[in-house]
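Student: Residue strings, one per chain:
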Amino acid sequence: MSRTEEPPQPATMKPKTRKARLPPDWRGQFAIAVILLVGASIMLLPFFWMIATSLSRKANVSMPRVPTLWPPDPSFFNYWIAAANLPIVRLYFNSLFVVGTTTIGYLLFSSIAGYAFAKGRFPGKTFLFVVFLATLFIPFETRMIPLYLFVRDLHLNNTYWALILPFLAGGFGTFLMRQTISTIPDELIDAARLDGASEFRIFWSIVLPLCKPTLATLAIINVIWRWNDVLWPLLVTSSRDLYTVTQGLALAGKSSGVHVGVALATAVMAILPVIVAYLILQRYVIRSVASSGIKG
Amino acid sequence: MEPGSTSFPADLGSLRYRLARAFRGTLVWYSFLALPLFLIMVFVAYPTAIAFRDSVFTETPQGPEFAGLYHFGRLFSSGIFWGALGNTVLLGVAFLGITIPLATILATMLNRLRRGSTPLKVIYFLPQLTSSVAVAIMFNYVFQPDWGLLNGTLRSLGLEQVPLWLSDPRLSLGGSRAAVTLLAVWAGLGYFIIIILAGLQSIASDLYDAAAIDGASPVQAWWHVTLPGLRPTFVFLLITGSIDALSRFGDLWTLGGPGGAPARSLQSVVMFMFQAGFESNDYSLAAATAVVFFVIVLVITLVAFRGFLHGELKALR
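Chains A and B, in that order, give the protein sequences. Residue 253 in this note's numbering sits at position 253 of the first sequence; the count goes up by one each step and never skips. Residue 216 in this note's numbering sits at position 216 of the second sequence; the count goes up by one each step and never skips.
If we strip away everything but chain B, and leave its shape as in the complex, we get (with noise of 0.2 Å):
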């Protein structure tokens, strides 16, 4: 500023102006983000990159030690891990495989229904509001194999050699993990009707009427132009219901302990990290588990949301 300047405060006016000006069209944003950035950094970014360090890292007495991939030796060595990988891709196959068929289905007839098309919506999506624990407390008894709803029906309509289910660890049709995939198709049947109605929705009424003329049978014409037009749908489905499997818990967690009693029989890959990390404290081998677990659901995502990602990143520019 010269000496003797008279502009004093025409220049603090004008400087805070310019911040004025500045804060309207660039700092008011960064005001904007400020908050929900620290909480994202604090409380996603921080833990994940927490959950990768410990993975490597052994901890001692005294202090955190490298051990570069050790714990993952440890990890891809334990049948346990692999029996609890095995379980939760075996039943999210069970499940996905029963599921899109028989929700496409059922999703096809409710779109054909002249009336009464939405109380029945309404019914099928009902489990899906129940809390996974509330369903498995209910199916515990659901499967209960002396007086439970299941086999009673299955008795008095006249079959005397009822399966065990939740009692049964063996890998078998009356099984546990029979009784689990069960389970969840009941709870989760109306989320694939709800999503695969709304895909109906988008399929072109013309085609339809092609399909007509050309003197298709409503069959053929579902065959030859609801279901290919349904894929995108189908996509959708088995990439969220993949990665709903992976992190499947509470159910199995409510019925089995985290052990996924009886024998192992029901434990999935989150309740393996459950109880390596609370019930072991062997934090480095939770650590890898969620390192491994973090690897499987960014590839699914990845190869799913490749155009997502890049539409979203092209509308930023």
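Here chain A stands alone, though its shape is the one from the complex (with noise of 0.2 Å):
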């Protein structure tokens, strides 16, 4: 908040002098900041809690009935409890492995038709394209239980197919990146015609790298949107070396519901890796959810 105080710029830094020229509004700024703070405190409160909690041996006798955000009795006891009831590890190999898988293919289907939806020249584009934006407005939960018979008639469930291969096409990824290939302009296209690169190779060395952003946008939202569900992974899997993190989260905490200090920390292990990751790449992240508006 010190820009104010500055001497008055020079005119060529045009920018900083604008901002300058504006009154000093101390008052107002210092009004906005405490009441965001206290926001973010009200926001954080309960994170902090939880993690003061999970390090506390004696919260799974008695909690106080004061809350603490320090623990009485410091210790990693209910995580070394928690790890034990469950196979984190694994846990977590099956989630990456899922989101992984689900996203790359997600990212090269929905890329793939959207070029060929963007630049492609065929009969029945039209129709096909509306087959596409159709699955849009297709709540996964209306077709939910027929999904699971039909992946349990084909001796899916308890696989990771079940957990990947109904989603790696969708309505959403390629509606967002046929408007991306379509903004690049055709010249570039049929220049790598002319030079004899075929259809694919101009997608993989020219399309794509061109759609990197949008490719950033759709994988971060695909990450989050698979990684928190819970509904589809409780249907299809039944077998704890299948869970995923999100899965066994949910599965462990109604069944240690009394020891509040190690389903506590059995949520932080669930949830730090991904809060980690998001501090990492908040900038991307945040971007990609005011972009395209979906939150995953």
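I should point out that these hints are in silico values taken from the structure, not numbers from a laboratory. These numbers were taken from a predicted model, which means no experiment stands behind them. If a hint is listed, it holds; no wrong ones were tucked in.
Derived coverage of chain B by chain A (criterion: at least 3 residues anywhere in the stretch with Cβ under 8 Å from a Cβ of chain A; other residues may be distant): (1) 30 to 41; (2) 44 to 56; (3) 125 to 134; (4) 193 to 200; (5) 235 to 244.
Backbone N, C-alpha and C fix where the C-beta goes; we use that ideal spot for every residue, glycine too.
Join the two chains into one complex using the hints; note that each chain is given alone, in its own frame.
Tutor: Take a look at the structure:
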């Protein structure tokens, strides 16, 4: 906030002089900052309370009537118990594997179909695009039970396939990629065709590199969406070896409801890596959400 | 082919050439679309069609029997279904009614703040990244009546008559529905702030200059310039927010099981469908619920996206 105190800038530094010329609004800025900080503390408070409680062994027996943000007996005891109850490494592997393969597949199929719809000329294009668009209007919950029965009849339940195959292609990604690829000038693609490049080569070496920002957006949204999904994994997997992190957490939360410290230690183990990844990538995550309007 | 023709290899060459041309021109695009289209047909279109079919058939030992609208009749005469739908709508309206105004105020403040808005944005968005299951586990304890974070804080502020939150199924400001609404606001606020911040960027700055010349105070400018300028953003948030609220499942399921305990006060439509399908094995009733759910979401989406759809289809031609 020291900007308003700076001496008047020379006229060449236009952006700064504009701000410096504004009347110093100290009190307004201070009031806004205080309100926003109070709000931010309320957002963070449950997280801090959860971490403090998860570090207290006594929390499993009795909780203090007045909540504390510092454990009276800090130890990692609850984490050892939680890790012994739940194959957390396996859960992480499952989640990373499932989220990774679905995201790569989703990006690939969305962009190749998007390329066909954006730059291709072939009979039935409008009809096929309407088919893709129509899937945008089918909520997952509507087809959930028949999809589960179908997967079960194919004997795919309790396999990774059940967690991956239904999420490889979708209308939203295709639509977003078509929109992005449409903005690539035709001249660029025609020039590559004249040079004898195949359509796939053009797609792979020219179109995809130009779509990096949209691909990043789509990847982030898909990762958030797949990582946090619990409904579908609950339906198709009943073997602990295939649980995702979110699913393992949901089932552990149901069984260890009495041991507050252990339950919260489990929750911390499940969300901490996601939060760390978010803090590293926050700029891209927030930009993706703001630009697509989708939160995953 | 003419007898005795020597042009066989040449013909083959031209056939191959023609095929190659056709492939370059048209077939290559079908080959690009083949796999994504197959996946969509198998995993999206087919199960949807089955949901519609199952909703008008009854499974009998002799095979499926056409039942007409019988299952819809059962659905609409089920008090549990109406309770679940009522809960879903009530929770959605309460959530949007609190979150949109609150997020608008906070986003405007973040937008005016000269320094430090980025870390604040990151903090407000943090709960959105946390899965609804983890949030529910955390808030199950936050709302614990005796020692939970919320009641403990209220008590230390001198309030002795503290609400029971999740243990109280009644429709009151300290009951289970109020608790899950607070949870949803806490978890969803960041997304609304980010979208409104993006909307604020699209309001032309000369509108504010004009308001300042007219002598409008910052609050007046906010009321007469910012809020009308955010109209498209609000419409967007209302639509996506309603659809999200209708599909609410993870957090309520973690807190109250598929029955939405206590006393079904937290059962949503999707949980009703889940229970009908997987606990009662009543696939026809679940399918009828799925169809009703589909129709509600479709109506909301079509109203919202009719302009978008029109533009998309025009752009293809």
